[in-house]
Amino acid sequence: MNVPRRPGWVQSRRAVQYLALAVFVGLFVLSRGGGVASNLANIPMRLDPLLVLTSSLAGRALVAGAVLALLTVGLTLVFGRAWCGWLCPLGTVLDLFSPKLRRGRRVAVPESWRKAKYALLLIILFAALLANQTLLFLDPLTILFRTLSTAVWPVLDQLVIAIEDLLYQVPGLEGPISSLEAAIRPAILPAEPLSYQDAFLFAAFFVALVALNALAPRFWCRYLCPLGGLLGLISRVALFRRQVAESCSGCPVCAPSCPTGTIDPDRGYASDPAECTVCMECLETCGRGAVKFRPGISWPEGRPYDPGRRELLLGLGTAAVGVALFRSDLLAKRESPFLLRPPGVRESNADPVALTRCTRCNECVRVCPTGAIQPAVFQAGLQGLGTPVVVPRLGYCDYDCNACGQICPTEAIPPLDLQQKQQQVIGKAYIDENRCLGWSDHQLCVVCEEMCPLPEKAIRLEEREVRSPEGETVSLLLPYVLRDLCIGCGLCEYRCPVSGDSAIRVYVPPLPVPF
Amino acid sequence: MTPPRPPEPQEREAAVPDLSRRDVLKMAALGLGAMAANAVLAACGSRSSTASLWPTSTLTPSAPPKTPTPLPATPTPTPTPSPTVNIPDLVVVRNGEPAALVRRAIAALGGMERFVPAGAGVVVKPNICVAYRTYEYAATTNPWVVGELVKMAFEAGASSVKVLDYPYGGSGADAYVKSGIQEQVQAAGGEMVVMSSRKFVSTPIPGGQWLKKTDVYEEILKADVLINVPITKTHGSSRVTAAMKNLMGIVRDRPTMHNRLGQAIADLNTLVKPQLTVLDAVRILTAYGPSGGKLSYVKKLDTVVAGTDVVAIDAYAATLLGLKPTDLDYVKIGASMGLGQSDLSKLKIEELSA
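Chains A and B, in that order, give the protein sequences.
Numbering-wise (this note's numbering), the first sequence opens with residue 1 and increments by one.
Numbering-wise (this note's numbering), the second sequence opens with residue 1001 and increments by one.
Think of the hints as simulated: they come from the structure by calculation, not from any bench.
Virtual Cβ for every residue (Gly too), placed ideally from N, Cα, C.
Be aware that one or more of the hints could be misleading.
[Said to hold, decoys possible] Facing chain A, a subset of chain B residues (Cβ under 8 Å, in silico):
id, residue
1, PHE1154
2, ALA1156
3, GLY1169
4, ALA1173
5, GLN1186
6, VAL1194
7, SER1197
8, TRP1210
9, HIS1258
10, LEU1261
11, GLN1263
12, GLY1292
13, GLY1293
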């Protein structure tokens, strides 16, 4: 019983999906040293209307390039959730990992769960009004890019290193490997392997999200995705929509082919335009040509899972209580002494812990050549999960680099020019004299002074007479920090030869003097 | 109308009890993934600044340890100069363009052919300590000095000339460009080599008194001829950085060396002995070294000093910065270990004008 197929639509869709995925990942890959300007490389973020809307609301300023998001909104007004079916890179990844479910094994997920994405969307929007973007953690683009930055790329780097190490033992391959290295580093992979704190958590989150596919194809898109929710709301008035013609015989072929399960046999195989991703699977499956995508303006029938007053109030309440909880958190009163933010972030965000304008996309993590910028896991609490922090022991802020501010799509990290960045205070270095080789062990070690990149040197040396444990008086050069000069780049902390924690550490900058 | 049912899982399992290729690949991928994750996790703690993370050891090179490569044909520093030619210990050339200074200095030492036999693989080691200073700031070796040496090495018949250093601030690739050295080296036909953490080889230092073993860059150990091209700078802990300290750039574990810097530098110089050292004093950094950052710290001397005795060169460098040779730990230690002559009055120094 071969169903005659009209080839073309599904294949075209797949081609577009893979192309879009390639472009999005390609821009991500080339965003560092690959010859793609930062304001091009971060275009994907600006195409995301949820990200642009919440960042503009929370930051109280329109995100630069916000007009790009109108392209997505326009696309949705004409074709419905085509973004989800055709362009969204996370959707494409989920399709790639979509198991072919046998009928008997499908878990019946209640239709009411579809409400969740609307609830999430409303919480996000209300929270944005309250200047909080914590849940943008769940935007599909930020999920994908964060996972690429923190888990996929470092793992790829480790695998490449392992394979190269293996091949390096083969005589005659040293030359080719060196050429390969020169070609891929630092353009595609980092010059030196980078480490990310607790990156497995971000990887595990992503794996869990993909694993939900086992319950239902595109589980994430159906039930959870807040961007899907936003586009779904717009899709209700979209111009093109799926229609079922009279010629439908009522056969059960199209319903199981629908990746979002929105074709309802009980309602004449009609679908909800807010759930349909215009993937065209049903169009090709139907042997009678009864499925059509045609212009037709009508208000869609209400569904039990549509968001209503309850969800609106719930969203408002959750956002208000959530934000209030964050503000009553310990971190809001006394921030972590090591909550170092990338250059200029403290000045451009109303809240240095929750980071008002940050969308958690972690593009900055990706472009930072030294691995200084890390996604926060615990330092900034739940409200700052995934926001960028500088961890000097893992990487220092390169004096000659301002890439993070250039790539940030929402100016949560301001686009400082190099000269401004070189004066921007990230933190202040303090020497732990109990651990410093010079101060405590009377050794001549002045690595920190040597490293300081500032023209005036914020770390200086003084000659001191000290009594050694043997009772001798010895003359030593000991480092001290000129706090007024220090910008907290962390090169001293990174290079300090003491094992474990550095004997010189960068702390959050002092509060500005209020006059 | 029901589509053909796929075989029941139980049937399949019963029929094909052994592992399919798919399963094996899956398991392999899982295993590899776990290994990679493990390496990533292991790396979350502190790590040595330059060590590769694979495998996790930071002391041994990431590539399987190779048997220590034979030491660079311990210099025998110079083939005994022909008695008719009266070659000085140090040549100091002043007043001229950097390239002309270099050419004049090498000529006075007997010509590049004296150091570079035909067909030799040459490595040139300038000082490219950071990626954020252009040459005007005198933090990195003058590009034209390096370029001219590359050119002269080829003229003498070198088969290849590689130039390398391992900056502590910024990446090698960036530093090569920023310093201007890459442009001049490539124009002269030389190759800029970005140093890879894979290529450090654990090497014993038989002559070392404190530093007995360290990871040295393979290209240095393998080079037929090593030319050291330091720049003259002040430096916090060693007071002056010139020739002997410049060799720290070829060692992986620099932090440890700081524990006894002067001794460690001298020990390293018993192992790695450049056949020729050319001290760049075209612009010298008189304050806030080694990276400087203001032109007011820079003094233009338009001078190049060349020789084969690193101790003598560093002793001379000290005087350029207003210090006595004996002010420098590693010069004193180096002289006492027989690495060279620190007493300038005992040296034959030829002073020239380019």
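Status of each hint after checking the structure:
1. PHE1154: violated, 20 Å
2. ALA1156: It is violated, given that the least Cβ distance between B/ALA1156 and chain A is near 24 Å, above 8 Å.
3. GLY1169: holds, 6 Å
4. ALA1173: Cβ of B/ALA1173 sits 6 Å from chain A, so the hint holds.
5. GLN1186: violated, 13 Å
6. VAL1194: holds, 6 Å
7. SER1197: holds, 7 Å
8. TRP1210: Result: violated, 12 Å to nearest chain A Cβ.
9. HIS1258: Given a least distance of 5 Å, the restraint on B/HIS1258 holds.
10. LEU1261: Status holds, d = 6 Å.
11. GLN1263: violated, 10 Å
12. GLY1292: holds, 7 Å
13. GLY1293: holds, 3 Å
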